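Just so you know, the protein sequences line up as chains V and B, in that order. Per my numbering, the first sequence starts with residue 1, numbered consecutively. Per my numbering, the second sequence starts with residue 1, numbered consecutively.
Since the hints were made in silico from the structure, they are not lab data. These numbers come from a predicted model, not from an experiment. Each hint should be verified, as a subset may be incorrect.
Claimed, not checked - Reference listing, derived: stretches of chain B covered by chain V, where coverage requires no fewer than 3 residues with Cβ under 8 Å from a Cβ of chain V:
hint, region
1, 125–137
2, 145–152
3, 213–221
4, 309–315
Note that CB positions come from ideal geometry on N, CA and C, so glycine has one too.
2 protein chains.
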Amino acid sequence: MTESTDRISPLHGAGGEMMEQLLAEHVMPHFAARSVGRIDVTAMDDGATLRLPSDGELVVTTDSHVVKPVFFPGGDIGTLAAAGTLNDLAVMGARPLAITLAVIIEEDFAIADIDRIVKSFADVLAESDVAVACGDTKVMGRGELDGIAINTTGIGVAERAIRDAGAEEGDAILVSGTIGDHGMALLAAREAFRLDTELCSDVASIWPMIRSVLPIGGVHAMKDPTRGGLAAALNEMARKSGTTMEIEQAAIPIREAVAGLSDLLGISPLEVANEGKAILIVAPETAEDVLAALRNHPLGRDAAVIGRVGSSHPGRVVVTTPVGGRRFLDMPLGDPVPRIC
Amino acid sequence: MTESTDRISPLHGAGGEMMEQLLAEHVMPHFAARSVGRIDVTAMDDGATLRLPSDGELVVTTDSHVVKPVFFPGGDIGTLAAAGTLNDLAVMGARPLAITLAVIIEEDFAIADIDRIVKSFADVLAESDVAVACGDTKVMGRGELDGIAINTTGIGVAERAIRDAGAEEGDAILVSGTIGDHGMALLAAREAFRLDTELCSDVASIWPMIRSVLPIGGVHAMKDPTRGGLAAALNEMARKSGTTMEIEQAAIPIREAVAGLSDLLGISPLEVANEGKAILIVAPETAEDVLAALRNHPLGRDAAVIGRVGSSHPGRVVVTTPVGGRRFLDMPLGDPVPRIC
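Required output: the full structure, derived from the provided sequences and hints.
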């Protein structure tokens, strides 16, 4: 049997010699040094063991990534898979320990692109000293999958995990930076548009920034506004806590290019995904210190207080417009951009 | 916007109202009662917390499932996703605690089928009292994914995890039952064949059986022979331990229907996937007791000693044929049946 050496074949996902070779040459080298326990990813066993710190709660989160295009301004599906999952741990207040990497690839996918994607993934992990625990590789036939899908499960430890439901009346509502960058950058990069904009995804692991904030205290709730954007995340936080999220529209940091494309396409920047941002609901006593700590970090230099937790409309988000009008910001039916993450 | 109520739409995977409704009506009801910690799947937060037993090693494993067809004789992708992951924990000697469920669905997939799949998944978990920790839902467009793909990450606890590399010279090699059932049943069920056979996948969670065996002691290595079948698993175990797996061909339990279809198609039953079987490498002193314990369990009634660990050809598998010839059983390039799991 002759196999092309630079494209994925069904045998690369079939549990034999070919899969071993793909993993040995194009995946494992990226994860060389980091071990999570006695049986680690280099053992290529049925799973891995995890060494746990003696105190703290274990936190686990999972995400599949089907972003289109696979490579986009500011990152790729590898960056996104790592950052997306570490960010879910971060907003639960959990220090990331390990991540799993399960990849489904379409036959004929370029192996050079696998290398590039796995390297992007590994680079994000290295920043936060996170190990790959174990992985899985499957191949689907031509036309059975559009390119590549990656699932990651993150495992972390929190002194005490922070919920997205913990908002209390009087708390300040902070965002860690500009809103809408990822969604609008992806949209601009889609083939249908091919807009030559300066838009760039914000995809990044926010744990280094969040870690600097947690010791200050007073963080009652956190969430990363991914699919459905700020609108979905705030609505969920309002519902779960039974509070009202009172937002000042003018206080929401939005890049000019994002606002411009948003106007052009009629898509709200508040409803599209962010991949390197957090919403923090913070006790009034520590809100200023938390804001200062966020701004002190490169990822948080545009952080802002965008509102306050009230009680006028339990479970709802109310936005005050620049001219003083008030309107509900509803839970979107869904993110207007498909395959955004 | 009007949405068909019985088919998946892109908005079902877009992080808003529609996704919440899908999860509330068709997914969460199946997982009602089981909780893993303070923040569980019903919180629908960014992740979940895990209550851990005070002793033992944490074991983690991940798998994506792209089986075709989605429903097959003996199970479906839900059964397979649950059993496949619990089995990876089981062969590491780990009691399963929790599992994640990340689903990628093609637009227009029937929601009734989602219900059926999630119920199958939940049924397997219930047998072993395993909780769903958290999940994720993504939707891809028509033609971007062939139906559905499921990723699961399992988390378990082992007193001391068992490796697949632990074989020692003189150990007995056991299989817990008949070989080749899953692969040949799937092949027979494929549209290209549509063979009306009595073949049925062996998909099942083997933890209840493995649990009954472990206290006997002497289990030096375990592995579940999935993709690439018995041939791939034995070769991996031989290589990692530097031993020789000496197999008696006549001792390998194979159903008549499996052997028949295998002859017909020219595909070796030793190279196709099993989804409810384990290979156990056991110290000679306890091998008989382990065999008896396996046979005492419904899933293990066809268990057999199929050979012995030797040293004649380090890293290789040697098969003695019924007429006394000896040949190498090589590592297959890959499983001959694509999308087998």
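Structure-based check of each hint:
Check result for the region 125–137 of chain B against chain V: holds, 4 residues qualifying (beta carbon to beta carbon below 8 Å, three or more required). Counting residues of the region 145–152 of chain B whose CB lies closer than 8 Å to any CB of chain V gives 4, so the stated coverage by that chain holds, three being the minimum. Residues of the region 213–221 of chain B with a Cβ under 8 Å from some Cβ of chain V number 0, which does not satisfy the need for three, so the listed coverage is violated. Only residues whose C-beta sits within less than 8 Å of a C-beta in chain V count toward coverage, and the region 309–315 of chain B has 0 of them, not enough to reach three; the restraint is violated.
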